[in-house]
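J.: Spelled out, the chains give:
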Amino acid sequence: MKTIIPLLVLLFSTAINGFAQKTVFGILNPSDVEMKECAFEKDAPAVVLFDKGNSWFVHGDDGFILRFDRHIRIKVFSEAGFEQGEIEIPLFHNENNREKVKDIKAMTFNFEEGQLKRATLDSKNVFTEDINENWTLKKFAMPNVKEGSVIDVTYSVYSPFFTHFKDWEFQTDIPTLYSEYKVSMIPFYSYRYRMQGASRMDHFKSYEKSGLGRTFSGIPYNDMVYEFGLRNVPSFKDESFISSRNDYIKKIDFQLSEINYPSGYKKQFMNTWPSLAEELLDYTDFGKYLKKAEKWGSKTLASLSSKPEEERLDTVLNYMKETYKWNGYYGKYARSSFKEFNEQLTGNSGNINLSTIGALRAVGLKASPVIISTRDNGKVSDNFPYSNLFNYVLVLVEVDGKKRLVDATEDMCPNFLIPSRCINGKGFIVEEDSEAWVTISNSAASLEEFNLSMELDLEAGELEGRCMAKSTGYMALAERQEYHNDKEDFEKEFENKGINIVDDISVTNLTDKTLPFKYNFDFTKSYDQIDEQLIISPFVNIAQTENPFKQEKRTLPIDLVYLQGNRFIATIKIPEGYKVEELPSPRKINSDNVAFSYIAKVTGKQIQIVANYSFKKRNYPSSSYKELKNFMNTVTSTVNSKIILVKEDDVAVL
Amino acid sequence: MRLSLLLFLLFVVVSRVCAQLPDCQVNKYHKQVKLAGNKLVEYTEIELQINSAKGTDYAEIDIPFTKGNNIKELEAGIYDLTGKKIRSLKNKDIVRTNMFSYESFHSDDMKLSFELVHNRYPYVIKYSYKEDANDYLYIANWYPRWYKKAPVKKASLKVELPTDYPIRLYQQGLDSAVIEHLQDKVAYNWKAEDVEYVERQKFGPQLIELQSHVVIIPESFRYGTEGSTKSWQDFGQWATDLKAGTDYLTEAEKKKVRELTKNCSNDREKIDVLYKYMQNNTRYINVSLDVGGLKPESATYVCNNKYGDCKALTNYMYSMLKEVGIQSLYTMVYADRYPVPVKTDYPSQQFNHVILCVPQPNDTIWLECTDNSAPFNYLGAFTQNRTVLLIDGDKSKLAKTPALSVDDVATRYSTKVVVNEDGSQKMTTVAKVKGPVFDYLKGMNDALPQRDKIDYLEELELFEQADIRDFEIKQADRDTRYLTLGLQANLNGIVEPIGSRVLIKPLRTFYFKLEKPEKRTQELRFAYPFNVCDTIEYELPRPIESVSGIKDGKINSDYGYFKCKVTYEGNRLKVTRHIVINPGVYQPDEYDALYMFVRLCANKELQKLMVKYQ
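Protein chains in written order, with the working numbering: chain A, 1 to 654; chain B, 1 to 614.
Honestly, I wouldn't trust all of these hints.
Output of the computed footprint for chain B on chain A, the stretches with three or more beta carbons under 8 Å from beta carbons of chain B [what the hints assert, rightly or not]: (1) 42-48; (2) 322-329; (3) 338-345; (4) 473-481; (5) 530-537.
Hints in this document: simulated from the structure, not taken from any laboratory.
No residue lacks a Cβ here, since even glycine has one placed at the ideal position from N, Cα and C.
Let the sequences and hints guide you as you build the complete structure.
T.: So, in structure tokens, the structure goes:
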């Protein structure tokens with residue numbers, strides 16, 4: 001085996017330096033074939049040997065076209081890495097124009113029987129799929145992928161969309177040995193870039209391209225080249241309770257800032273926050289849409305103008321929520337014209353919230369759009385004034401001198417809350433000549449309380465009781481939605497815990513979203529009897545039985561979105577002739593992060609147990625993870641503690 | 001005008017009577033099927049009534065179709081209850097996309113999507129469209145009720161066929177068709193009102209078997225090629241014709257195959273060598289285009305790409321065996337742990353998977369060709385014990401796959417739980433795993449990245465109360481039909497101190513919750529046996545004085561077997577449980593006895609233990 005290697009070297013490119021090397025499609029390095037595992041992530045099923053992107057401007061029939069060349073080479077170690085052999089190339093299009101992929105070349109290499117064997121992708125096996133109105137997918141499965149395969153793929157994407165300059169992710173779900181993005185800039189288009197997740201580059205170079213320059217419209221110019229490279233990038237691991245993968249992945253984003261036309265005219269693309277605001281306010285599906293909505297509002301809702309401000313806001317929000325249905329799409333721009341929206345009564349978040357702003361203005365309230373990035377879209381930064389980082393619009397309204405953030409997309413959401421998907425850092429207030437931000441948060445804690453009163457039916461071996469539940473804030477929102485969506489499923493959740501609901505769950509304040517969500521039901525639940533000992537679970541499994549913090553280690557911060565508190569009260573009547581044999585002891589925890597208290601006591605013929613636990617912060621650093629995990633361990637084991645009742649005359653025997 | 005007023009009045013009355021309207025109801029579902037030359041022309045007309053904001057989910061409409069059979073003459077609009085049109089759907093609001101599926105890498109299943117939303121309830125959505133098919137296996141496969149929560153008021157199916165056109169007809173839950181004889185045509189009319197949705201009971205028939213439906217199979221048809229459904233033999237002939245010419249290996253592959261088998265001493269060895277060669281060198285990728293839903297990609301395609309779907313890989317294995325002179329049979333099967341049984345009286349396409357049957361003088365070998373971790377000649381719970389169709393030209397016939405026996409599924413857990421003075425509990429389990437759990441776990445080591453393995457293991461729900469710290473799966477080699485699972489975990493609340501006692505909850509309980517006998521209406525199918533033995537040894541921090549709760553016991557029945565034994569000494573407590581449930585199909589009249597057995601076992605499995613310390 002060993003003797004073959006030197007021979008192989010001759011077949012391969014001689015550059016073995018590994019780094020900033022020239023890579024040629026179809027020519028492997030000996031190390032590509034020999035590698036058995038990723039040195040810094042030994043259990044990885046595959047590794048990206050290199051991933052190189054190159055974006056540059058080419059002359060098209062009519063001005064420039066953006067060209068993006070990619071060359072990626074992957075080594076597969078085990079079956080779990082076979083899925084790396086399924087390649088997808090997303091392509092953007094709108095009504096007038098589309099990105100096109102060309103020159104797809106792909107090959108799989110296997111070293112078998114002393115030979116390097118190659119299998120070339122057959123273009124027949126490249127498929128196109130329509131994903132939605134704006135995206136199609138080119139996809140193909142690489143031939144002959146097995147353990148030890150090297151997959152080599154190149155392709156070019158031609159794009160007429162200068163505002164969609166390809167961003168670059170250095171990190172993926174398998175480790176990457178080397179990832180490099182090269183961009184060649186020309187004087188006619190200016191971009192800004194933003195790095196995330198890496199404090200410095202392992203490779204960075206900028207230089208003017210040497211050789212003969214190019215000319216465009218008679219103007220000679222040279223390409224300005226930038227190279228960004230990272231080595232040995234670990235795989236990205238998603239963890240629960242984080243805001244978004246987008247916030248943590250190592251990547252570089254590009255934003256168009258200026259087009260310099262050969263004529264000397266310059267078109268700015270949101271270089272400053274005030275100019276961004278101005279652009280938005282001038283845009284058909286944003287500023288102009290607002291005006292149309294306001295006009296409509298003054299016709300439809302004019303009668304409200306004499307009402308108190310608070311009432312005006314509530315009426316408008318309720319009207320919007322009842323009349324229009326959110327179609328589930330995000331967007332800061334309106335997705336359809338106001339006329340269409342009003343005809344179809346459905347639209348994206350832009351349609352609904354921009355219309356709401358118009359309506360609020362029409363009834364004499366001061367209202368402004370606030371563009372934000374939702375939790376799954378990642379955080380925005382105030383030194384990066386680009387509108388495409390924002391994917392949602394909220395409403396900032398002034399009522400009785402106080403400013404409030406509101407949203408009209410969720411029918412079930414009370415007017416004083418915004419959906420939790422929006423709680424993500426801060427939002428930019430879109431007003432003329434302004435550069436103001438608003439922090440999106442909700443300081444009110446969301447609470448949930450269960451109050452149980454029970455007695456024992458000794459003959460049936462059951463607890464019989466009544467449960468009164470109450471929730472506020474986001475917890476109320478979640479429960480309302482659950483109940484509204486499926487009453488049976490809502491009941492089933494209790495039934496799954498062994499609680500048998502007698503009759504129906506009766507609900508109050510289902511529609512009055514400003515009040516806590518309340519529901520009551522009578523139930524029976526069997527208890528354990530072992531010989532003469534009655535074993536009772538006072539919170540009948542309603543309290544959390546499992547620790548939600550399952551991971552052993554944590555590397556990313558923990559984001560709980562809102563403050564949360566839980567309260568459980570149980571009152572149990574001791575049956576005639578019985579006494580309490582065992583009662584759980586009290587517990588108390590109080591730190592900067594969390595609080596817990598648990599008290600069980602017997603008063604006359606009654607046992608009363610009260611448990612409270614709460615999270616004092618919305619966000620915790622990863623270093624607090626252990627504390628949270630231990631805390632929930634204590635909470636779950638304590639709230640699920642049992643009580644034993646025995647016959648009074650049996651005590652002596654035990 | 002008068003009519004609409006009448007309707008309005010009627011509505012008022014009706015809405016008072018049933019105050020609780022469903023969020024959405026299907027007022028009308030009409031389907032009309034005609035033969036036009038070689039084409040099957042299908043016309044569909046649907047009228048949905050949306051009664052509440054929640055019902056608008058139903059106003060997001062998808063019309064599935066296959067590329068090539070385009071949807072024509074789609075018309076849709078919103079109406080009020082009097083039938084007045086509010087607005088029509090615009091062409092630009094129709095989105096055409098590929099259907100998303102977890103099952104295939106790429107397919108030509110497409111859909112048209114649109115939504116028709118209005119804000120005054122109730123409102124009515126009407127839509128209709130035509131679809132032409134050149135190739136078809138069914139004239140109709142009609143289910144009048146398809147949403148669980150949206151009742152269907154009126155449904156109808158009209159099928160117009162030439163007088164001399166022979167069909168096979170199967171129908172269930174519906175009145176027989178009214179037949180009209182027209183000039184040279186026959187029209188079948190089915191009508192149904194308030195069609196019931198039947199829920200599946202535990203271990204009952206599949207949903208698709210339970211709902212009312214009509215299936216019309218043409219006696220001769222064209223799907224890829226001409227075929228007949230007169231007999232399974234004929235149908236098998238069609239499948240043979242469809243795959244004809246797909247069994248050519250590339251020259252290089254032929255050479256490889258001969259090379260691999262040249263030292264084999266018998267056929268069985270050759271089959272084994274080639275099967276392993278295929279497992280080691282191919283992977284499952286499902287691309288389904290045109291008649292590709294049923295016609296396998298050629299063996300050449302697999303030679304070149306080293307991937308394929310079940311049909312392609314099976315056909316490739318078939319072709320390799322052919323190359324070395326071994327005859328095998330491409331076999332169509334309905335794969336599922338709980339399969340829909342083949343209606344043997346209705347030869348037709350009732351299958352969703354393909355395996356390979358290799359008849360041998362003394363014993364038939366069965367090969368699953370899409371599973372790189374399957375032992376040689378092993379069919380798991382997914383394909384065992386059912387009727388399959390062996391494709392062999394005019395010798396095609398139905399056959400049965402071998403059944404998993406009670407021993408084939410015997411899984412033994414041996415567990416030690418150490419309870420410390422501070423209440424913490426550590427568990428070490430060693431298990432010998434067979435049957436469905438083996439099927440589930442066997443490929444895991446190779447197929448999953450390390451970080452996903454614990455999640456995958458937890459999906460089994462065998463370790464609900466455990467935080468798995470470490471585990472190991474060992475299988476002597478790929479042909480071993482069991483594996484060893486070693487597992488270490490911290491337990492949560494399994495052993496719960498209550499004063500001077502501890503309450504011990506059962507670990508890894510094995511039981512079923514079945515409907516009470518008075519509610520059971522459907523037959524019950526245990527498709528394969530269950531056989532679980534569990535020995536748990538607890539090491540407690542203090543010496544035991546007495547144990548209450550679980551007692552030794554034994555239940556014997558025709559349906560299975562349960563045994564339990566408890567012993568203790570010093571601070572050690574040992575509990576052994578063993579449960580066996582036989583496979584079988586039981587009719588409701590036999591259900592009482594079965595239910596009693598399953599319930600008794602469940603009670604025993606779930607029994608808690610109380611230990612009093614000295």
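J.: Now look at each hint and say whether the structure bears it out.
T.: Right, here's what the structure says about each hint:
1. Counting residues of the segment 42-48 of chain A whose CB falls under 8 Å from any CB of chain B gives 3; the rule of at least 3 is met.
2. Residues of the segment 322-329 of chain A lying with their CB closer than 8 Å to a CB of chain B number 5, which satisfies the three-residue condition for coverage.
3. For the segment 338-345 of chain A, the stated coverage by chain B is satisfied: 3 residues place a CB nearer than 8 Å to a CB of that chain, which reaches the threshold of 3.
4. Check result for the segment 473-481 of chain A against chain B: violated, 0 residues qualifying (beta carbon to beta carbon below 8 Å, three or more required).
5. Residues of the segment 530-537 of chain A with a Cβ under 8 Å from some Cβ of chain B number 4, which satisfies the need for three, so the listed coverage holds.
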